[in-house]
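Colleague: Spelled out from the first residue to the last, the chains are:
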Amino acid sequence: MPRWGMVIDLDKCFACQSCTVACRMENNTPIAGPHQTEQDRAILWNEVLPFVEGEYPKVRMTFIPRPCQHCDEPACVKVCPVKATYKNEEGTVLVDYERCIGCRMCTLACPYAVRYFNWYPPEWPEALKAHLNPDPEVKPRPAGVVEKCTFCIQRRRKAEEQAKAEGRPFTATDYVPACVQTCTGHARYFGDLDDPNSLVFQLAHSPRAYRLFEELGTQPKVYYLKQG
Amino acid sequence: MHPHNPHESIILAPLRVITRGDKLLWLTLFGVFLAGLVVWIYQFVLGLGVTGLNRPVYWGIYLTNFVFFIGLAHSGTFISAILRVAGAGWRTPLTRAAEAITLFSLPFGVMSILCDMGRPDRILNLVFYGRFQSPLLWDVTAVGLYLLSSIFFFYFSLIPDIALCRDRLTDAPRWRRRMYEVLALGWQGTPDQFRRLDRVLDGMAIFMSMVVVTVHTVVSWIFGMTLQPGWHTALIGPFFLLGAIFSGTTAVVIVLAVLRKVYHLEKVLTPDLFNSLRKLLIVFTLGWSYMMGAEFLTTGYGNMTEEMVVLNDKFSGQYAPIFWTMVVLVFVVPLFIFLVKGKKSLGWLVGACVLVNIGMWLERFIVIVPTEASPRLLPYLGGGAYQPTWVEAVITLSLFAGMFLLYAVFTRFFPIVPIWETAEHHVGHAVEAAAIAEAK
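Protein chains in written order, with the numbering used here: chain A, 1 to 228; chain B, 229 to 668.
Pulled out of the complex, with its shape left as it was, chain B reads as follows:
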């Protein structure tokens, strides 16, 4: 038995076809991903010398990608877990699209680290000889836990819809029917099953909300725990967290807008939804600039020698072009669009979100590289510089291609809007809350 959803056929429609365009897109993305794999093997054989890394810039765009991917991942958990705990019923149509971003960007965050390692073949040493004092091991633990719990959280909420696919998509190829059958775990859709599922998801949502805060804070600590000027600040944790949720939420807007257009989901993904997200984004933009201001004012006012070298490098030195571009892309233009244009026009809103994502990638870069380029010993060593090479560029592109590929394929095999959660009579959280409100 499946809860009645008037939009069921609209949501299931993309699952019934795989177009030539799809195949072409998948093939292209897969090609780019493979190219990255080949280049990574090349880098492994020759050594990390093929990158632009050097002393003192030991971490470059691989680490930038790592932080960025983990940041993207935060959108899903934010929307499905934190907003679930907060009882924000409007979120339901977005949850799966957002969580899928979490699930598909996390592995590429992990891969970014593998690409950065001098000896990826010794990765298991982390298990055999792990030192729990090391922020890197905190990272491994936190990201691993996050990935694992995201998979379960995602899968549990997918089960009723897989069962629906099993029962509705009877004309699908045999292997696909078999896949739905196995993955549905014999789901019958009884009220008791729904009640249990909701309880599990509620419990997990609380856990996930805590994990999401921890993960990005810990990610920032691989920088913050060192004594490097510009990194060693208590604000770096909350700053990374907010930046993560910010870039993640803008990614959700982009993905939703694309899905809406390509899969004709206009009736399901309504302008109201985008408006709710827009309001959140205004808060995040302002919050981000607040933290920026707090951070730089504290450093600048303190005027400590080593700190000022890094600060000046960002404000007016060799990193000034990137820094100010970032400020314009993340703050100035998007805030204007969110406030003025974004309410009426989805195009403007999506445009602003693309800018924010580019800007946030630059922000990660600006946090990581200038500090390394100006270590404490700078007066002795001379200025550091870093110019990424084609190897790093190809690997970066391939990681993004891999993420898009997983996402694109997923949306052709599973409903990207949760059908049971958006159904009319479902015993879940939102409806229950409404019933309670009615009873009062």
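Next up, chain A with everything else stripped away, as it sits in the complex:
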């Protein structure tokens, strides 16, 4: 069974935000609008976070694209009082939107701030409504529940269905999340972290590889390759 993981090469990333946009279109995250965004309530499953190091004249700007880290020891899962958030057998952390009670404890437990709360019922401008992803697995979430990056879990199902239709076995390379597929600089890699022959395995073991807040013991499955 694969253990899905991602590697993001910060040398290749130029913060174009395509991943953020692709994610929105794939996963039907609602439009917050300028007023709500000002209040820090925008929902962006994938965010490109700017990080300024040092002071003038020795300043350095790093951009860190941040999807859900899909931790092997997720802090969010154990605090959920109703088992609405859980880790599936392939290590992907998911939310059951029908069960979530909106207590927001997971949003506070997650050190990576990957979890978003639906402050209002979701809304889209008329023009965008026509372009919503029709997949029932990503149908818009109701108000009052928490949502987050799923590694495009619906694509995992579709990839398997397609492999079956084509009469071949499903392999780890059949499935990639939208952000990986769209990445302009080919900075993102996705695959099975348990397969020593996979590209993500090799990159995750590169001397440049590190994970966010490794000291917290959350064991994220998203690796970053240091900017050179």
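You can trust all of the hints, since none of them are fake.
Just a few of them, taken from the derived set where beta-carbon distance is under 8 Å, the chain B residues facing chain A: (1) G275; (2) L276; (3) G277; (4) N282; (5) Y286; (6) M345; (7) N353; (8) G358; (9) E600; (10) R604.
Rather than coming from a laboratory, the hints here were simulated on the basis of the structure. For every residue, glycine included, the Cβ atom is placed at its ideal position computed from N, Cα and C.
Please build the complex by placing chain B on the supplied structure of chain A, with the hints as guidance.
Modeller: Chain B in isolation, oriented as in the chain A frame:
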């Protein structure tokens, strides 16, 4: 048969009338509570976006209220259970007034959580799908158990007095006589019944003492169990517990002083009682500041980056005004009053207790919000801010109004000073202890 209590008529006097002032007060409080209910429905329909909450400040004054109400609740159990176990006989006149605070603030603690939930309609999921690893489920369990056992503890000690009401208030309206009759459960007041009641209360007091420690520790763990800077400390449990008993005991002083004045209970609630409470409060004030010192020195000395962001935010950053106000309200001024003025003057004592309660509410806020505003990812996310809206203000007010309403109504229907426990010849704990001492 009822034990003879020379103050019986004084204690029963408030039960014989319901004044115009009462009705006006009840109506006003009920109005405020209803307003809160309407606003809560408004929030439910529109979404939690109508509050000032955001990312990263996901929990605001609803959670502050929750912790505060549960804190208030601790007074009752502390005075009636812990002091009962300790055999402190002076507590008897206070017990019911204190326990009533427990009983009437707990439901509003629970309601605070309901107000905070994104999907209160799914509350039963906690029962169907509960995950016992989650501190929130520990909370639900602990608070639920506490509420349930408080109701029984309160009711049991009320039975002899309900029976007294049944026998004495014969000119009350029919429905009221009927209510006393049903609630008294046919209590006759035989020595055997009193002995059994005392045994039950003694046993429950031990259990309640343990529950009270557990509950507030567990309340703190919904914060302490996360890895957030400022929350993730072992001291948070004992700190919350002490703060709870502190604010609860000051609430008892306020309530007693009001009852004493309004219901003319000067002969029953003597200055001695207040003096005993004052001494306890001195201990709590000092204990609270000791924990404050221990907590902040450890954090500050360690000087870890994320922790220091939160600490500096409290000491000199955007939360400094609230933080220092809190220190003045909870520690500096009250300690001075307790030591110097409070012994002679009840007015000063009550004033100090009001300050402590305001300060403790701010303290809860200061524990909860600054940590959220400065998460680990802060350098990436930018500073968080939180400004409560009118929705949160109205709901908060309504919860307090609801609590006052229950309390005010209760005191007109049931004796707020336990008549049988303060009687001259009662087989209970205090008298028995005195008899044993005499025999020696």
